[in-house]
Amino acid sequence: MKNVIIEMRGISKVYDNGIIANENASIEVAEGEIHALAGENGAGKSTLMKILFGLEKPTSGEIFVRGEKVSISSPVDAAKYGVGMVHQHFMLVNELSVLDNVILGNEVVKKGLLDRSAARKKLVELTEKYGMSVEPNKIVGDLSIVQKQKVEILKTLFRNCKILILDEPTAVLTPQETQEFFKQLILLRKNGYTIIMITHKLDEIKQICDRITIMRNGRFIAVKNVCDISEEEISRLMVGRDIIREVEKTIAKPKETVLFVKNVSKAYTKEKYALRDVSLECKSGEILCLCGVEGNGQRELINIITGFDKNYEGEVVLNGENIKKKKISKIRKLGLCHIPEDRMKLGVDVKTSIAENVISSNVSKVCDGVFLNKKKINLFAEKCRKDYGIKCDGVKQNVGMLSGGNIQKVVIARETSDRPLLLVADQPTRGVDVGAIEFIHNKLVQIRDSGTAVLLVSSDLSELFGLADRVLVFRQGKIVAEFSDVKALTYEELGLYMLGLRTMERMAE
Amino acid sequence: MLNKLKTFFSELWRKISDAFIRPTRKQKDVYFSILRTVVAVAISLGITCIILLFCSKEPLKAISTLFFGPLKSRFWRGEILRGAVPLIFSGVAASLMIKCGQFNMIGEGAFYVGGLTGAVVAIYLPASGFISVILSCLAAIIVASVFGIVPAVLKAKLNVNEFVVSLMLNFVMLWIGMYFLNNFLRDEASGDIATQIIPESNRFGILLSGTYLSTGILVAIAAAILCAVFLYKTKWGYAIRMTGDNKDFANFSGLNACGAVIYSQIIGAGLGGLGGAVEVLGSMDARFNWKTLPGYGFDGFVVAILAGNNPILVPFAALFLSYLRQGASLMALQTDVAMELIQVIQAIIIIIVAGQSFMAKFKNKIFKTKADKEAVKQ
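Here the protein sequences come in this chain order: D and E. This note's numbering numbers the first residue of the first sequence as 229 and each following residue consecutively. This note's numbering numbers the first residue of the second sequence as 695 and each following residue consecutively.
These are calculated hints, taken from the structure and not from any lab test. Take these hints with a grain of salt, some might be off.
[To be verified] Short derived list, chain D residues pointing at chain E, Cβ under 7 Å:
hint : residue
1    : Val304
2    : Tyr501
3    : Ser557
4    : Arg560
5    : Leu562
6    : Asp577
7    : Lys579
8    : Thr580
9    : Ser589
[As the list claims (entries may be wrong)] Derived pair list, reagent style DSSO-like, types lysine-lysine, alpha-carbon separation capped at 27 Å:
hint : chain 1 : residue 1 : chain 2 : residue 2
10   : D       : Lys555    : E       : Lys709
11   : D       : Lys558    : D       : Lys602
12   : D       : Lys614    : E       : Lys709
Positions of the beta carbon are idealized from the N, C-alpha and C atoms, including for glycine.
Work the whole structure out from these sequences, hints included.
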């Protein structure tokens, strides 16, 4: 093994709300390697890296950089030791140019004034050296997600960081983009950079990483050479048990159509359309998956179907009624349930109990007249806890105290226990641990079999392949392909449609 | 029957003892917030004592008057209770609105127009006794609520900041009230700018002899209880709480978030109006003679913060604040310290209680030891 560049020893972190994120965790990273940091959600990977980057203060423990004990109390400190981090959610100023974003906080100054030309020269050198073509003058808000990620990485390189922490960098990328991105990482490794990559994706670990550190429950579990360990073994170490990654399901038996989307268009400006003449049908008893690179109209369509967006042309008919003029509560009464993408913002109220969270979509069910019936609430909440395996101290516990996977289970318990007519599941397993993913997948199949129409939006392709009975591909606000036989479909083929290299002439209806 | 009672009491005892011996996480949270408030109050009182040591020539007398003066006589104990009445109304109103995430200052103006309306109805309406009192209170609630619609609807429909609107609306309410008081309602015989005297039968009676405490305090306590029931036991209260915690979530769930924003503020204004009427009909002046905003609207927020926005705790917080105030006014009467000292105490309490991270480290310690024990078990 080469020189150890980073060592974190006995790190514990207890948050102000009493949640223990790390307990005696440790990690050792060698110079010039790509090191994977893997673990379930809530395993404490991000917290450990935030400590290394100076965003969080450890409750106890020691950090060594190149064998020297250091204390990192802010990102500025971290940059001093050559540590840079790219967050899962980009930290960029959308209104500023690429160059301004890169120099922000690390301004090149000449005689007290910004020296943009010197900064630009340095930035262009970096982009050329590492094959990250980004135009320095472009406004960041206009860039695609891949390019924004490049800007984030350039930001750390510009600060002369030699150690890069990447928090789930491929979560937002298509398969092709991921491969392109990996090439750049390998180039960086060749030039002596050390990369720590937080990830869930086992195939990516196998493909690009040299060593892997596995964490569970905030603790260090194992460190291995990636070539010595199989995907199954990694998965087992992460969850502490074997996980069946295939979803068991029978062939779908679609029945009557419950959702009609007829010629829906939504314009941003006169030229730019978010959705252009989109029509689709969703039948009960099938899982229809909308896929596509993010920002190609799926989000807008979901907002229209779920009643958040009323500003569109065309018709959406649910259960025989046009929903355009209906409030969300009315649409829900027609039989819509919705697992939102952003569960912390829309899905739950973290400040209140599990019991109060699972009744919100159907309060009258647990009411006598206008009064809440405590018994009914507790009975229903207990049932949800048992049926959905929500791990908690009790149904009176605040949702904010739960882990990500359990919070999602609370959402799913609320949205599926009423046997809806149409279930919109928007990224139902994003950022959720492996055990919960398996549970959620089975639940979705189960609810399909009970006669619900499931409209699934997922950027996780393995989820899509495992669950979907029918796939629609979105590209630039249009449906460019439809696949009814998902088994015959390959990742590569789907990627070609998603990226617009191929388009299917849709059969005229 | 006896057996049933026995099991009921043993069950109750078990629950109570469990809560202390093996508290759940939630109960621990409650204990902690109580402890936190107590410590905050103790610190601010400590600081007050230090200030007194420096600014008074007879600090010991000042301190003892502040803390023990109002407890010494029946009259002053009555004054503590009397002073708490308007604070309960404005505290409950503020808690209700804060629970919905609305920082609405309309309590001030609502007290003013409520007091005036209550007085007018009591003086001019040809009803008397109990019925007159009820009509006065109802009229006060209605008038204040109508004003309350303005910031509520502006917030819900146009997303106009309710804080700014209500703050300015207070002066509109004050001067509208002053206009009527000056031009139509003024009692020419009185040297003061005031209404005529409210007939005794149309006022709240004295509850405790030897004090000025009126039966209005019963209305205040009833209002606090009703509001607690409304907030925690009805689906409308549920919608208010969910909207206050996370409006997007409430909306997403199909709860009427927009409606909750509106009715929480209208009810809040109505409560202020009721408070104004109770205050005027229970006061010894026996007439409406307010020439400025009474200040209770702002005090409501102090009370609400002390009570953790829980209507059922509001009467206790109001009593405490009233006790400090009576102590301060006694101290001003009997020593060389000014009444305004009370503002200093209030400010320190609010800063410490509202400071989210105050004692967070200590809380960590409590929870960590528990978690450690669990880890060892595993």
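May I ask which of the numbered hints given earlier this structure violates, with the numbers listed in increasing order?
1, 2, 5 and 10
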